[in-house]
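Participant: Got chain Z; can you put chains V and X on it based on the hints?
Chains as they are written, first to last, in the numbering used here: chain Z, 1 to 301; chain V, 1 to 304; chain X, 1 to 238.
Hints listed in this document are in silico derivations from the structure and should not be mistaken for laboratory results. Ideal Cβ positions, reconstructed from N, Cα and C, are used throughout, including at glycine. There may be inaccurate statements among the hints.
[To be verified] One side only, chain Z facing chain X, incomplete, derived with CB under 10 Å:
| no. | residue |
| --- | --- |
| 1 | LEU55 |
| 2 | GLY58 |
| 3 | LEU167 |
| 4 | ARG171 |
| 5 | ARG204 |
| 6 | GLY210 |
| 7 | VAL214 |
| 8 | VAL237 |
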Amino acid sequence: MSSPSDVEPTGVIHDLGYRPYGGPRLGERAVAWAFFKTGLRNTYGLGRSGRSKVLPMGLLGLILLPALILVGVLVQARNILGLDQQIVAYSTYPLTTQLLISVFVASQAPALISRDLRFRTITLYLARPMRRTTYVLVRLASLGVATFLLIGAPLLLLYVGGLLADLPIGRETGRFLGAVVGTVLLAACLSGLAALVAALTVRRGLAVAGVIVVLLVSYTVVATIQGISYEAGSPTVGEVAGLFSPYTLTNGVQVFLFDSPAATRTPPSSDGMGLVYVAATLLTVLGAAGALLARYRTVHP
Amino acid sequence: MTTIQIDHASRWFRNVVAVNDITMTIGPGVTGLLGPNGAGKSTLIALMSGFLAPSAGTVTLDGEPLWRNEKVYRKIGLVPEREALFDYLTGRQFVVANAELHGLPDPGAAAQRALALIEMTDAQDRTISTYSKGMKQRVKMASALVHDPAVLLLDEPFNGMDPRQRIHLMELLRGMGAEGRTVLFSSHILEEVEQVARQIEVVVAGRHAASGDFGAIRRLMTDRPNRFVLRTSDDRALASALLADASVRGARLRSEGGIELEASDFGRFSEVLPRLAREHGIRLHEVTPTDESLESVFAYLVSA
Amino acid sequence: MISRTIVRLGVRSVFGRWRGVLLLVLPLVLVAVAVLVRALVGEEPLAAQNTLEALGLVVIVPLVALLATSGLLAPEIDDGSVSYLLAKPISRYTIVLSKLVVAAVCVVLFAAVPLLVAGLVMLTSSPSLGVGFAVGSVAGGLAYCAVFALFSVMTRHAVVVGLVYLLIWEGLLGGLLDGVRWLSITRWSEAIIGELADVALVEDLPLLYAVIATVVVLVAGTWLTGRRLRAFNLTGDE
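Isolated chain Z, as found in the complex (with noise of 0.2 Å):
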C-alpha cells in the first residue's frame, strides 16, 4: 500500500458512542451460585457435548437397576417371601455399588477441577468478582451434590418401593433419613478426596487413575483386613482399619449413629470408637477441603 506523501500524519480518537455496561450487576453470591448450578449440570452431562452424557447418565441408571429390582421383588413377593424390611438395607445400598459410585467420582471430578488448571481457564474464573476460595469450595460442592445425587437417588427408589410394600412407615422414614445423612458425609468424604487428587495431578488420565487407586485399592485393603482380623479373632484391628476408606468410614458412622445394619465386618462396636468414625469423617471431609484451598493459592493466574 503507498503511503501518502502529502499530507502530515496526524492522530484523532474518535468519539463512536461507545458506552460501557450501566445496568445492575448481580453480586459475589449471585456468581457463585450461578457457578454452583452450572458445575452441578456439568457432572451429568448436561450442558456438555451428548458424549459426555453418556458415563454419567449410563451410571446413574445402573446404579437405580438394581434398586428397581429389589423394589420389584419387594412389592410383588413380599407376602410369599415374608419379607418386613429391605432386602439390601439403605446403608448397605452405597457399598454394594460402590465401583460405579468410585468411577462416577473418578471421571467427573477431573471435568470439573483439572480441565481449569490444565487449560488455564482458571485463570478467566479468577478474573472475576468470585474469589479465590469461593472457586473451590463452589466446584467441591458442585461434585459432592453430584456424588449425594447419585447415591442418594437409589436409596429414595428402595425408600418409595419400601412404602408401596407397606413396610412401616416410622421406622422407614427412620432408616432412610439416617442413610441420607450417611449418604451426605459419604458424598462429602469421596468428593473431597476426589477433587484434591484431581487437583494435583493435572492431567485428565492420570486424574482419574489416581482417584480411582485411591478409592478402590483403599477399599479392598480395608475390606481385606477387616475379614481377616475378624476370622483371626482380633475385631478391633479391623475397626481401625475401617477408619481408611470412605465406605467402611461413614457405614461405620451410620452404625453407630442410627444402629443400621453394618455392610463390614467389623464395624465400631464402642461408643469410643463411634465418636472416632465420627471424627475422622469430619477430618476427611475438612481436611481435603483445607488441602484443596491450600493448593489452589498456589496457582498463579
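Facilitator: Chains V and X in isolation, oriented as in the chain Z frame:
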C-alpha cells in the same frame, strides 16, 4: 530434486470439506502456502507429511505415496504447529533422540550441527520446559533438520515469533531453498510470505485459489478496486466531490441512503476521503470496506 | 525390533511426578498389608491366598498395567508430541513394542515382584504361592498392557474406558457370571496361578486355554495397536 505432487486431492471430515480438489506441485526452493485461517493449510500439510490420507486423489513424493509409508520420512523434515515437545529433555537430548530415531551413524555430531545451524548451542543443555516459545520453535527446526532432509515442511513457523527470530528464520529458510531443498511453509500473513518465498500457493476455503510468482499475484491484488459503503450527512455532495479525485473509480448513490464507492488506489483514497469530508463540512457516519478481508481478496482471485 | 531411544524416552515419561508416586505406592501398600496379615494370623494359607488374589491380582496388577501403559502412549498422543516418533523411518510395530517393553518392566517391578515378596512374607514356608502369583501376574499384566495400549491409540479417553472395562467386565460381571471366565484376563491368570501354586482360584478353566488366550490377547493387542499407528491421523489443529 525432490518434488511433492498433489493430484486432485480432497479430504473431508464427515460433512466438512477441508481440502477440495487441489492439484499442485511443490518443487525445490521455498514455497509459501498462503491462506486465511481455516482455509485448509494445516490439513494440506498433514496430507503432505503422511499424517492424513486423502479422501480422494493422491499425494506423492517423487512418485511414492506418503500414507502408511515410514521409509519416506528419511527425506522429510516436519516442523509441526503444535507446541508440545518432550518437556523433560534438554534441547540437545531431544535433537539427539531425533537423530537416533532416524538411524544416523553419528547422532551426536549431527545434533551439534543442527543446533549450531539454528543457533541454540548455548541453551542446548537446559530442559525444554524452560525454553521460550521462539526457542522451542528453533529446537523443533533442529529436530527436523538433523537428518539433512530434502524436503522441509513447516506449519505456521512464524507464529508467535518476535521480529529478530523471524528475520533469523527467514534467512534460514532462504538458505535452505538456495541449497536446492524443497521447503514449504504455511502462513496467513502476506508480508511474511513475501519476504521469503518466491513461489506461493494460495488456498482459500479448501480450494486452490492462486499459484505462481508472488510479485505477479500481488500486482493482481492491488489492481483490483476497493469497494466501500459510506453513510454520510450529505451523500450527493460528498459523492460528487470524491468523483473529482483520481483515486475514485466510481460512485453510486444507494436508494436506501449511502454511497457505494469503488476506489483503485487505497492509499491515496484513505487520505482523500477524510480531507474532502472535512473541507465540505460533511460528517461521515460510517465507512465500511466491503472487501477488505483477505478472504474477499482471494475470493476475488477465485472468481477472476 | 526394539528402539533403545524409545525405551529411554518411555522410561523418562512413565516416571513423571504423580504417575511415579502412584506406581510406587501400589506395591508398598501390598507389602504393608502382607506384613499386617502375617502379624495378625501368622502363616495362614487361606488368608494369604485371599489377600494376594483380592488385592494383588484383581486390583494392583491391572492398575499398574493401566498406569504404566496409559502413561506411555496417551499423553504423547494427546498433546501431539507423538508426531516426533511417527515422522521417522521406523516401523510402527517397533514403536509399540519398545513402549510395551517399558510397560512390561513396570509390571514386573511394581506388580510381580511385590506379589512375590508379599507371598513370601505371608507364607514363607511354601514359596510356591508367591512364585505362582508372580508368574501369573506377569502373564495377566502383559495382556492388560496390550489391551490398554490399544485403547490408548483408539480413544482419547483411554483411562476411563480401561477403568470401565476393568471394573465392569473383569470386576462386576466376572464376579456375577461364571461364563465370563473364558474371556477374562484375570481368570486366565488365576488358572495359571492355580497350576503353579496348587490352589483353586477358578473352576473349570483349562490351563492350556488360559495360556493360549493370554498369548493371543498379547499378540493381537500389540499388532492392532501397531496397525492403528500406521494409519494415525494427526492434523495441525485440535
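Participant: At a threshold of 10 Å, is the proposed contact between LEU167/Z and chain X supported by beta-carbon distances?
Facilitator: violated, 27 Å
Participant: Could you check if GLY58/Z really has its C-beta closer than 10 Å to a C-beta on chain X?
Facilitator: holds, 9 Å
Participant: Is the interface hint for ARG171/Z satisfied, with its Cβ closer than 10 Å to some Cβ of chain X?
Facilitator: Cβ of ARG171/Z sits 31 Å from chain X, so the hint is violated.
Participant: Let me know if the C-beta of GLY210/Z comes in closer than 10 Å to any C-beta of chain X, holds or violated.
Facilitator: holds, 6 Å
Participant: Can the hint on VAL214/Z be confirmed by a CB-to-CB distance to chain X that is less than 10 Å?
Facilitator: This interface hint holds because 9 Å falls under the 10 Å limit.
Participant: Hint validation: LEU55/Z versus chain X, beta carbon distance must be below 10 Å. Holds or violated?
Facilitator: Holds, about 7 Å.
Participant: Please check whether VAL237/Z passes as an interface residue: C-beta within 10 Å of a C-beta belonging to chain X.
Facilitator: holds, 6 Å
Participant: Classify the hint on ARG204/Z as holds or violated, based on whether any CB of chain X lies nearer than 10 Å to its CB.
Facilitator: Holds, about 8 Å.
Violation of the numbered hints given earlier is confined to hints 3, 4; the remaining hints are satisfied by the structure.
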